[in-house]
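**Q** Protein chains in written order, with the numbering used here: chain A, 1 to 356; chain B, 1 to 303; chain C, 1 to 410.
A hint or two may mislead.
[As the list claims (entries may be wrong)] Interface residues of chain B toward chain C, partial, derived using beta-carbon atoms under 10 Å:
no.	residue
1	Tyr18
2	Leu26
3	Phe28
4	Val36
5	Gly117
6	Ala120
7	Ala121
8	Leu122
9	Ala125
10	Pro130
11	Leu139
12	Pro208
13	Leu276
It is worth saying that the hints were derived from the structure and are not from the lab.
Glycine included, each C-beta is placed from N, C-alpha and C at the ideal position.
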Amino acid sequence: MRKLLIMSTALCALALPASAQEITVMSFGGAYGASQMEAYHKPYMAMTGIKINSVDADNPATPLKAQVEAGNVTIDVADLEPSDLVRLCDEGALEVLPLDELPLSPDGKTWEEDFVEGGIYECGVGTIVYSTIIAYNGEKTKGVDAIEDFFDLEAFPGKRGLRKSAKLTMELALMADGVEPADLYDVLGTPEGIDRALAKLDTIKPEIVWWEAGAQPPQLLADGEVTMTTAYNGRIFNAMIEETQPFEILWDNQILDFNLYVIPKGAPNRDAAWEFIKFATDTQRLADQAGFISYGPTRKSSMALVGLFKDGKTQMASHLPTAPEHMEGSLVTSVEFWADHDIEISERFNAWLAAN
Amino acid sequence: MALPTYASPLERLWHLVYLVICALVLLFLIAPILIVIPLSFNAEPYFTFTERMLTFDPAGYSLRWYDTLLTHGMQAPEGPRDGAWWADAWNNSAWIRAAKNSLIIGISATVVATVLGTVAALGLASPAMPFRRVIMAMLISPMVVPIIITATGLFFFYSQVGLANSYAGVILAHATLGIPFVIITVTATLVGFDYSLTRAAASLGASPAVAFRRVTMPLILPGVIAGALFAFVTSFDEVVVVLFIAAHDQQTIPRQMWNGIREQISPAILAVATILVIVSIGLLTTLELLRRRSERLRGVTPS
Amino acid sequence: MAATTGGRLLKAAVTRAQGGARRRAFLLVLPLLAFVFFSFVLPIGQMLHRSIHNPAFAANMPQISAWFRDNPVGTVPGEAAYAALVADITAAAKARTIGVVGTRVNYELSGTRSLFTSAGRRAARLEPPYAESLPALDAEWASPQLWSAMRNVSTAYTADFYLAAVDMTRATDGSIVSVPADRKIYVEIFQRTLLLSLLITVVCLLLGFPVAHLLASLPMRYSNLLMIFVLLPFWTSLLVRTTAWIAILQGQGVINSTLVALGIISDSERLSLVYNQTGTIVAMTHILLPFMVLPLYSVMRTINPAYVRAARSLGASSWTAFRRIYLPQTLPGIGAGSLLVFILAVGYYITPALVGGASGQLISNLIAFHMQNSLNWSLAAALAAILLGVVLLLYWLYDRLVGIDNMKLG
Chain A
1 MRKLLIMSTA LCALALPASA QEITVMSFGG AYGASQMEAY HKPYMAMTGI
51 KINSVDADNP ATPLKAQVEA GNVTIDVADL EPSDLVRLCD EGALEVLPLD
101 ELPLSPDGKT WEEDFVEGGI YECGVGTIVY STIIAYNGEK TKGVDAIEDF
151 FDLEAFPGKR GLRKSAKLTM ELALMADGVE PADLYDVLGT PEGIDRALAK
201 LDTIKPEIVW WEAGAQPPQL LADGEVTMTT AYNGRIFNAM IEETQPFEIL
251 WDNQILDFNL YVIPKGAPNR DAAWEFIKFA TDTQRLADQA GFISYGPTRK
301 SSMALVGLFK DGKTQMASHL PTAPEHMEGS LVTSVEFWAD HDIEISERFN
351 AWLAAN
Chain B
1 MALPTYASPL ERLWHLVYLV ICALVLLFLI APILIVIPLS FNAEPYFTFT
51 ERMLTFDPAG YSLRWYDTLL THGMQAPEGP RDGAWWADAW NNSAWIRAAK
101 NSLIIGISAT VVATVLGTVA ALGLASPAMP FRRVIMAMLI SPMVVPIIIT
151 ATGLFFFYSQ VGLANSYAGV ILAHATLGIP FVIITVTATL VGFDYSLTRA
201 AASLGASPAV AFRRVTMPLI LPGVIAGALF AFVTSFDEVV VVLFIAAHDQ
251 QTIPRQMWNG IREQISPAIL AVATILVIVS IGLLTTLELL RRRSERLRGV
301 TPS
Chain C
1 MAATTGGRLL KAAVTRAQGG ARRRAFLLVL PLLAFVFFSF VLPIGQMLHR
51 SIHNPAFAAN MPQISAWFRD NPVGTVPGEA AYAALVADIT AAAKARTIGV
101 VGTRVNYELS GTRSLFTSAG RRAARLEPPY AESLPALDAE WASPQLWSAM
151 RNVSTAYTAD FYLAAVDMTR ATDGSIVSVP ADRKIYVEIF QRTLLLSLLI
201 TVVCLLLGFP VAHLLASLPM RYSNLLMIFV LLPFWTSLLV RTTAWIAILQ
251 GQGVINSTLV ALGIISDSER LSLVYNQTGT IVAMTHILLP FMVLPLYSVM
301 RTINPAYVRA ARSLGASSWT AFRRIYLPQT LPGIGAGSLL VFILAVGYYI
351 TPALVGGASG QLISNLIAFH MQNSLNWSLA AALAAILLGV VLLLYWLYDR
401 LVGIDNMKLG
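Bound-form chain A, shown alone (with noise of 0.2 Å):
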């Protein structure tokens, strides 16, 4: 009686992690949040029935580092922009990945030569490439043609956005003060360089809005707050698109960056947050995404799938920061250089910022 009793309880126990295995993944929310559920989220949990608790968080570098320096880890996957990816690798908070078993693309290609540059690391795994461009309103602000045009408030009046933060602000600066992108970090990395980009943001100083929110651009925009504004280029598009505002992208010296999917040391279902990742950074997943918002995908591969947005009619292909003809001028962040010098320039820059 007793055995039978153990018997059928381990049976019961093995049964029943099949069907009741959740994963918890979190990331950046907002339109971005709600294009991975569509192309990640619901084509996994319709194949393989585990269901994903999507999380939303500002940055998910904060509570995941918090969790894992607690002990308590409740994250299974997390989307970590580079910079913050590189500081928690090297702390030991991420899992290092197994990526030799990550799928061929559809032409045999492994993952060493199908993610593009700085798309894949030891601990992470890219899913998107998305730029920072200037965006405009097109039927009020016309003849913008170069990055040179934001920080001239005498042919285009009017007050100017501008994220919250060192990176992104910085690099604007110097290559609108005529750096080129492949000595720019170089010169950043200067006393003189960090001076001459804060003189250049200097002469709009008074006219600038801080967002720190991706969603507050096209909302300073369509408010008519701004005239000119830095923004993710993903979010001016759907506000393009989806709620037919007349904004425009300016390209040119646009600023890419990525956003890799990692586990974190201690995860609870790190096998399965594993399964995920491999499924949603295949070819054809990360070509879905772009039909669900313009981020470019990390494989090479994925490229040539790319097809429409979800509105049946738009081709997506001219909308991603990749495309040919948007590369001219742009410049990759570099994480080496912001994993360094970030907290040494963001003093300088809060500082500038404080002063009145």
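With chain A held as given, fit chains B and C onto it using these hints.
**A** Chains B and C in isolation, oriented as in the chain A frame:
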């Protein structure tokens, strides 16, 4: 204060100016609340009054933001509004979940704060209480310490003991924040309390517990309820602590509004605001009725 | 000698009864006290501890930390020191703690994080003499600044974060100096926080005094009705009020549109009222005004109007009667309201974050920045500790002048 009949013309003028200043200040206080209400009916996704709204064109107004409160987060918002649609809304709508969380957390935190706070206030009001000032200071401190410090401290502490990302953690944190209000209002009520009533009850044979339940409690009830209301509003309105220690499942209404201000910037939060204003008016009315009841019970004639 | 009916001394009996009353009172308070201690005092204490305790370097680099302990400031590092350093780096790289170590040194000396992480990758292959092979990887390893920085961080208990919180740092010889002018932020933001809070308190007092006076002098029926104007904002969500102010003050908002429609300003000269200090001041005044009105009101209610009438009857002008009779009686209310508003204003976070832009940022926003963006929790804790110190000082002042038991919330 009525103007005395012997007031000089200059005084009359000053009195008029004083009334105008008061009117302007009261307008300053109430204007933002009133502005929110018409804006929540804006047909377009802006925070500004559109042309059509200003000319009272009916096409400029719509209930779409109230609708968004139901549909945002649903899995199939476009379907017909039948039983399954409402079930979907109840389970998945982000705002409905936020409302549920706010109520669960708010009521639980209020109960904890009120029970602990009332009992402690009874002890504090007794003249025999040792270390009264120090203890009072410690109990009031959550109200005074800047919320960002409380939030960061709780974040570290809860991460270590495993209370982060749980209902229990948020409820305890909100109870801590609400306790000072309960203490203040109940001790204020007990200041005017006539202890001879409890002594009379004792002399008639009531044990301390019975005397508390049947004599003290009904008389201090307005103070307790006022404190409970303050504690509830504190929890209902609290966003900084929730930002730091709550997980996705425990998002409250203010947390969702914060999302709405940062992420999906849409007048849906103004629709929530209008509903909350109406609820606040309801709470205020309750408070006023209670105050009048307490005055009647004490035999004080309202002036 | 007096005695009770039981034969005991009266004095002893009274003391015993009072002791019982004291114990009973204390037992009633005990549950709450324990609750507040564990859910509030302890977490805050722990956070403050983090501001002086950062073992990131000391715990993970034990050998070099020991060398620093054994050798005073100014000792030139020799082969023993380098050997200890290399051993530690190799061990830390294997344990994947080298990044944490590098970040900790980076707080002291910028640009050194990559020094540690790249050395970590290659340290296992280094050959003695380490005093030559380590600087061969990167010349920076021989620099005195780096060694001085490492010495500073080699103790787990440090006051350096407090130094950073007041814009100071340690020079190579160990003395305390000010950071370069273009890096100073915190002192200025503290000053700005205190000054803005003071300004807001004064404005609240000027606006709140007439309103409280009106409410106190009207009969209860009418004053309760008008009180709704004060209490409704008080009860309305903070985020709602702040969002409403954005809608009112923004470039295309109500105020600007009205002024343009009335022709007072032209379309291109719209006033910049939000995302700057003006926005912070207006929004915070609105939010804190009820906290000024309510204490003032409750004090003014208790003032007997007969005194002012008596003064008038003795020949005082209305201004003199107000200044010398009425105003002094309201001083407790003014003190209570002002201190309350000031304490709350100093710690505010949400409103400056939403409407303050860059120039309206207060110290709480910087604390939040270090918590969430730069992840420098020790510095955030140090800033929070200083803010807490200021608030506790004001709170103590409030207690001396007004008494916390006398706080009334209407």
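**Q** Against each hint, give a clear statement of whether it holds in the structure.
**A** For each hint, the structure was consulted:
no. : hint   : in the structure
1   : Tyr18  : 6 Å, holds
2   : Leu26  : 4 Å, holds
3   : Phe28  : 7 Å, holds
4   : Val36  : 5 Å, holds
5   : Gly117 : 7 Å, holds
6   : Ala120 : 4 Å, holds
7   : Ala121 : 9 Å, holds
8   : Leu122 : 5 Å, holds
9   : Ala125 : 9 Å, holds
10  : Pro130 : 5 Å, holds
11  : Leu139 : 6 Å, holds
12  : Pro208 : 9 Å, holds
13  : Leu276 : 6 Å, holds
When the structure is compared with the earlier hints, no violation turns up for any of them.
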